[in-house]
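Trainee: So the chains spell out like this:
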Amino acid sequence: MSDIKEIISGICPEAEFVEGGESLQVNVPESKWHDFAKALHDDRRLDFDVLTAVVGMDWKESLGVMYYLTSTSRGWDILEVKVEAPDAKNPFIHTVSDIWKVALFQEREVYDFFGIKFINHPDMRRMFLRNDWVGYPLRKDYDADPAKNPIRLEDEINEDDTCSYVEDEKGKIKRVPGKVFEDDEYVVNFGPQHPSTHGVMRMRASVDGETIKKVDMVSGYIHRGMEKLSEGLTYPQILHFTDRMDYMSAHQNRHCLCLCIEKALGLEVPRRAQVIRVMMDELMRISSHLLAFGCTAMDLGATTAFFYGFREREQVLDIFEKTCGARMSMNYNVIGGVIADLHPDFQKDVKELIRIMPERLKEYHTLFTGNIIAQNRLKNVGILSKEDAINYAITGPSGRGSNWSNDTRKVRPYSIYSELKFDEVLESGCDSYARYMVRMREIEESCKILAQLVDNIPEGDIRAMNVPKVIKLPVGHWYQQVEASRGAFGVYIESDGTKNPYRVHFQSPCFNLIGVMDLCCQGYMIADLITIGAALDFVIPDIDR
Amino acid sequence: MEVKIKSMKHEDFKDNEYIDKLVEELNASGANVAVGNLNQLINWGISNSLWPLTFGTSCCAIEFMSLGAARYDMARFGFEVARNSPRQADYIMVQGTIVHRMAPAMRRLYDQLAEPKYVIACGGCAVSGGPFKNSYCVVPGVDKILPVDVYIPGCPPRPEAFFYGLMQLQRKIKVQKFFGGINRKEKREEFFAAHPEDRGKLS
Amino acid sequence: MFDFGKWTTAFNDLLLGVMPAWAATLIECVLIAVAILGAYTVLALFYILYERKLCAWFQCRLGPMRVGKWGLLQVFADMFKILIKEIISIKDTDKFLFRLAPFIVIISSVTMLACLPWGNGLQIINYNIGIFFILAVSSVGVLGILLAGWSSNNKYTLIGAMRSGAQMVSYEISLGLSIITIVVFAGTMNITELVMEQESAWFLFRGHIPAIIAFLIYIVAATAETNRGPFDLPEAEHELVAGYHTEYSGITFGFYYLAEYLNLFIVSGIASLMFLGGWMPFHVPGWDAFNNIMNYIPSIVWFVGKSFFISFIIIWFKWTFPRVRIDQLLSFEWKYLMPLSLANLILMAVFVALGWHF
Numbered sequence: 001m002s003d004i005k006e007i008i009s010g011i012c013p014e015a016e017f018v019e020g021g022e023s024l025q026v027n028v029p030e031s032k033w034h035d036f037a038k039a040l041h042d043d044r045r046l047d048f049d050v051l052t053a054v055v056g057m058d059w060k061e062s063l064g065v066m067y068y069l070t071s072t073s074r075g076w077d078i079l080e081v082k083v084e085a086p087d088a089k090n091p092f093i094h095t096v097s098d099i100w101k102v103a104l105f106q107e108r109e110v111y112d113f114f115g116i117k118f119i120n121h122p123d124m125r126r127m128f129l130r131n132d133w134v135g136y137p138l139r140k141d142y143d144a145d146p147a148k149n150p151i152r153l154e155d156e157i158n159e160d161d162t163c164s165y166v167e168d169e170k171g172k173i174k175r176v177p178g179k180v181f182e183d184d185e186y187v188v189n190f191g192p193q194h195p196s197t198h199g200v201m202r203m204r205a206s207v208d209g210e211t212i213k214k215v216d217m218v219s220g221y222i223h224r225g226m227e228k229l230s231e232g233l234t235y236p237q238i239l240h241f242t243d244r245m246d247y248m249s250a251h252q253n254r255h256c257l258c259l260c261i262e263k264a265l266g267l268e269v270p271r272r273a274q275v276i277r278v279m280m281d282e283l284m285r286i287s288s289h290l291l292a293f294g295c296t297a298m299d300l301g302a303t304t305a306f307f308y309g310f311r312e313r314e315q316v317l318d319i320f321e322k323t324c325g326a327r328m329s330m331n332y333n334v335i336g337g338v339i340a341d342l343h344p345d346f347q348k349d350v351k352e353l354i355r356i357m358p359e360r361l362k363e364y365h366t367l368f369t370g371n372i373i374a375q376n377r378l379k380n381v382g383i384l385s386k387e388d389a390i391n392y393a394i395t396g397p398s399g400r401g402s403n404w405s406n407d408t409r410k411v412r413p414y415s416i417y418s419e420l421k422f423d424e425v426l427e428s429g430c431d432s433y434a435r436y437m438v439r440m441r442e443i444e445e446s447c448k449i450l451a452q453l454v455d456n457i458p459e460g461d462i463r464a465m466n467v468p469k470v471i472k473l474p475v476g477h478w479y480q481q482v483e484a485s486r487g488a489f490g491v492y493i494e495s496d497g498t499k500n501p502y503r504v505h506f507q508s509p510c511f512n513l514i515g516v517m518d519l520c521c522q523g524y525m526i527a528d529l530i531t532i533g534a535a536l537d538f539v540i541p542d543i544d545r
Numbered sequence: 001m002e003v004k005i006k007s008m009k010h011e012d013f014k015d016n017e018y019i020d021k022l023v024e025e026l027n028a029s030g031a032n033v034a035v036g037n038l039n040q041l042i043n044w045g046i047s048n049s050l051w052p053l054t055f056g057t058s059c060c061a062i063e064f065m066s067l068g069a070a071r072y073d074m075a076r077f078g079f080e081v082a083r084n085s086p087r088q089a090d091y092i093m094v095q096g097t098i099v100h101r102m103a104p105a106m107r108r109l110y111d112q113l114a115e116p117k118y119v120i121a122c123g124g125c126a127v128s129g130g131p132f133k134n135s136y137c138v139v140p141g142v143d144k145i146l147p148v149d150v151y152i153p154g155c156p157p158r159p160e161a162f163f164y165g166l167m168q169l170q171r172k173i174k175v176q177k178f179f180g181g182i183n184r185k186e187k188r189e190e191f192f193a194a195h196p197e198d199r200g201k202l203s
Numbered sequence: 001m002f003d004f005g006k007w008t009t010a011f012n013d014l015l016l017g018v019m020p021a022w023a024a025t026l027i028e029c030v031l032i033a034v035a036i037l038g039a040y041t042v043l044a045l046f047y048i049l050y051e052r053k054l055c056a057w058f059q060c061r062l063g064p065m066r067v068g069k070w071g072l073l074q075v076f077a078d079m080f081k082i083l084i085k086e087i088i089s090i091k092d093t094d095k096f097l098f099r100l101a102p103f104i105v106i107i108s109s110v111t112m113l114a115c116l117p118w119g120n121g122l123q124i125i126n127y128n129i130g131i132f133f134i135l136a137v138s139s140v141g142v143l144g145i146l147l148a149g150w151s152s153n154n155k156y157t158l159i160g161a162m163r164s165g166a167q168m169v170s171y172e173i174s175l176g177l178s179i180i181t182i183v184v185f186a187g188t189m190n191i192t193e194l195v196m197e198q199e200s201a202w203f204l205f206r207g208h209i210p211a212i213i214a215f216l217i218y219i220v221a222a223t224a225e226t227n228r229g230p231f232d233l234p235e236a237e238h239e240l241v242a243g244y245h246t247e248y249s250g251i252t253f254g255f256y257y258l259a260e261y262l263n264l265f266i267v268s269g270i271a272s273l274m275f276l277g278g279w280m281p282f283h284v285p286g287w288d289a290f291n292n293i294m295n296y297i298p299s300i301v302w303f304v305g306k307s308f309f310i311s312f313i314i315i316w317f318k319w320t321f322p323r324v325r326i327d328q329l330l331s332f333e334w335k336y337l338m339p340l341s342l343a344n345l346i347l348m349a350v351f352v353a354l355g356w357h358f
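These protein sequence lines are chains A, B and C, in that order. Numbering-wise (my numbering), the first sequence opens with residue 1 and increments by one. Numbering-wise (my numbering), the second sequence opens with residue 1 and increments by one. Numbering-wise (my numbering), the third sequence opens with residue 1 and increments by one.
In short, the hints are calculated from the structure, not lab data. This structure is a prediction, so every number in the text was calculated from the model and none was measured. Think of the CB as a built atom: it goes at the ideal place given N, C-alpha and C, for glycine as much as any other residue. Among the hints, erroneous ones may be present.
What the hints assert, rightly or not - Selected chain B positions facing chain A (in silico; Cβ < 8 Å):
#1 N37
#2 A70
#3 N84
#4 V99
#5 M102
#6 A105
#7 L109
#8 Y110
#9 S128
#10 S135
#11 V139
#12 P153
#13 A161
#14 F163
#15 Q176
Unchecked claim - Just a few of them, taken from the derived set where beta-carbon distance is under 10 Å, the chain C residues facing chain A:
#16 E193
#17 V241
#18 K318
#19 T320
#20 F321
Given the sequences, and given the hints that come with them, work out the whole structure.
Mentor: This is the structure:
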């Protein structure tokens, strides 16, 4: 770490270092930020090629952004960069979307929530809220009066209007209006109610015949404002939001939030609880990938395969139901452990699942994967190169389909994953088929993990004994990542020492996935738009939160 | 007259005062034999052929998929012909939170459904806003923007609860009067009576 | 083999005995029209249930089973429902074409249905270019789909209609060529003669290699012609919502729904006529006893049974295969299927010329 400090000081003498947090934090003045960011990315000694998280912040006296950067080449070290906007009344920060493409959407989110405008960002539109929304909800001084933002039943107008803030040579910032689509483009709208947008995503595709020229992703149709709601709740209360974000990785998401809070509290989770958590995570992953299989098949028109995927998924849900009491939204992990002990049938059921899965996977491959039509539809469609995957921070099975090794369980192990034997599944196809195959093979790996653990669940407590009655985190901020079903899920908590968090940010993997839709779809056909979406496998409530 | 739904006997489910009241009303107003029988036949048709609109916003939609899948198989009741076009669907099942941005689209979907049409609010979020009730951009219950026929609580409701809700909808349909109540021509007249200035605008 | 022709001739004579010829023809026309429409409805309803039950079976489900015994009344409930559904009139559509389009589709499929030979003597008109007429009428159906897509003023329907136009025009070539292959073999386009030619054995067996190839090509092309999976691009549910009929509601949508199933029956009927002997029972040359037993099964059962069997195969396709993409669909037709059917036609001509058949 110390050598990084030296290099950084060499590049940007104004940078201040803050130690004592979980990772190195650098405070950079806004005027130097863009050059500094470019150096962080391009300098071979630093090589911070992944922008993991962009967290907008309102520190009351100032607005700003926390950037979490990591480097794939140097052991996934995390670097936090804090940038404050110089003027709290009219906040501007330079964009880094030209360096890390993932920031294109991330910065729009920050703009939407905090009103921080990003200079030179090409498309400064609202991300989640209506374009006629008044105020910026995550600011501390937001006026939540419903009269200001009533439920409007008329459509948003001027959907095609966008703008960017351009800085000229004298440093003066000018608003430049723009258009998302030209007037003479043939724009086909998919969603928010559309059978294969997997929820209420809206895609607007400009087409030439059947060939797609550009895709504009419009999200926010299920934006529930979880981050703002969390600020008004206590830590045990905010746990339930995680189950309802990506409902297909409910356990992993909740695990992540619990880990983050436990890290802040310095809690030691009993071994039994850790094993149970990991097993639940892997079961969840199996169920999620089965659903992904079913939905991919269904979006391609092979409805029957969907039913076969769901047949096994029901078996996983049975296991959940017996132990957690619910089929979905299990609310199982709690701070310091898990809420209830395992059902007596748990081991038997898991063993049965592991036993049948290999032959069932074979069945799927016979029915769907091996089908010539399916292969033609998936192969060489939606190419996403490794460089793009890194630049857009596409983690999870979708990123691993581009041969990018990014499994959080391997690169930054948490819980007991470092003790387990399993392979990180990588495919080098970079296309939809590779992404699909990663998922299918990950089911096998998850079964492997379950097989290692099912007979080795230690006796003991299921919850740490020393969990305080009222949970108050010390002052500071923490960031924790786990490998959810769709990629690296991150939780950022900033605490001011009270029982409510000052700021919670969920960095969802699906959010980055929609960022590449435009890149992946260009030049393919309308039918491929659906296939690419299915193979990326995004879950909309996870994007919108 | 009792409402007959297979596998939902009246004595087991006589907890729905609303339905009982509708039955009473129906009996009181009376109908001639031909129209009455035709009504019954039509209601039998509608109630046994409820085609849902494929529409899901979040978790409940996944449970709805389970409902269609092999274990629960809503095809048994004839509910399986999920139509993607609202013109061809009979009811809309609001599965998940409705937020401010979604509200106009939701309303439009409802308007696009062909009569007779029904709305089922599924899950806590659609019923009342659920855990997100206090959020800045959540519609606290879909009944703020649409007339809801059946509420199915749960987060998400179990597939059995979906069936229960659907059967309640069937019960409700069984007591409606197709001639004299629910077809759009009459609703339209009502609408024009309230908004005479719009009469010329619609063809 | 019972000949229904005796009944019909007797009935005709009876009518002619009491009234002039024009009146007899008029009455016969009306009766036939009623019969055809009745058969149309019954078949369509049966097919809807047939597919729903079959697809449930493929998907380890039960399918409709609550409405009536084994769900037999399910389709009637659907029918009542769809009849009373509101027909929405939409702003900014071409009203005339929008209303006309479903009728074109339904007329084309009813006309085709009327041409099929249902049984021995159960045929409405014996035309010397019967099979050619069927092909010609089948091409009219695409007009209804194109008009529906165009007049709805909706982008999904327009894309669906364009896809359907491209698809049906393309696959009609293979369809026609595979039928011509059999016509070359049989030497006639008359439907009755086509059936009678298969008395010794069905064309599929008599024409062996080229006939089997033609049969396979026909099945593929017919699946595409009826817009069924894996070629259901015009109404690709997961891409285009409901394709060309997205904006249709109530019974106008019902027309498309019925026509889809009826077209399935019709292409199956043509397949059984051209390849599996129509209403002709299964005969093996030389096995007279066996042939006689086969003759006891009524001809109408043979025809309908064969059609149901071929429909079963097409339904099986739909519930097994994923959907193809439009460019794959077209390149499959123009690069593989059409050259193959042309070569097959020549092969058949050679076989016929050299007498290499049974």
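Trainee: If a hint holds in the structure, say so; if it does not, say that too.
Mentor: Checked hints:
A distance limit of 8 Å between C-beta atoms decides the matter here; for N37/B the minimum to chain A is near 37 Å, and the interface restraint is violated. At a threshold of 8 Å, the smallest CB-CB gap from A70/B to chain A is about 5 Å, leaving the interface hint in force. Against a cut-off of 8 Å between C-beta atoms, the interface hint on N84/B holds, since the closest Cβ of chain A lies about 5 Å away. Because the closest C-beta pair between V99/B and chain A is about 6 Å apart, less than 8 Å, the hint holds.
The interface hint given for M102/B holds, since its Cβ lies 5 Å from the closest Cβ of chain A, which is under the 8 Å cut-off. Interface hint at A105/B: satisfied, since its Cβ lies 5 Å from the closest Cβ of chain A, which is below the 8 Å cut-off. The beta carbon of L109/B is positioned within 8 Å of a beta carbon in chain A (closest approach about 6 Å), and the interface hint is therefore held. Interface hint at Y110/B: violated, since its Cβ lies 11 Å from the closest Cβ of chain A, which is beyond the 8 Å cut-off.
This hint is violated: S128/B has a C-beta 13 Å from the nearest C-beta of chain A, more than the 8 Å allowed. For the restraint placing S135/B at the interface with chain A, the shortest Cβ-Cβ distance is roughly 4 Å, inside the 8 Å limit, so the hint holds. A distance limit of 8 Å between C-beta atoms decides the matter here; for V139/B the minimum to chain A is near 6 Å, and the interface restraint holds. Below 8 Å, beta-carbon pairs count as interface contacts, and P153/B has none with chain A, the closest being about 13 Å; its hint is therefore violated.
Contact between A161/B and chain A, as hinted, is not supported at the beta carbon level, the nearest pair being about 11 Å apart and thus beyond 8 Å. Violation of the interface hint for F163/B is found here, the shortest Cβ-Cβ separation to chain A being roughly 14 Å, above the 8 Å cut-off. The interface hint given for Q176/B is broken, as the beta carbon of that residue sits about 26 Å from the closest beta carbon of chain A, more than 8 Å. The beta carbon of E193/C comes no nearer than 39 Å to any beta carbon in chain A, farther than 10 Å, and the hint placing it at the interface is violated.
For the restraint placing V241/C at the interface with chain A, the shortest Cβ-Cβ distance is roughly 7 Å, inside the 10 Å limit, so the hint holds. A hinted interface residue such as K318/C counts as satisfied when its beta carbon comes closer than 10 Å to some beta carbon of chain A; here the least separation is about 9 Å, so the hint holds. With a cut of 10 Å, the hint placing T320/C at the interface with chain A holds, because the nearest CB-to-CB distance is about 6 Å. Annotation: interface hint on F321/C holds; nearest CB of chain A at approximately 5 Å, less than 10 Å.
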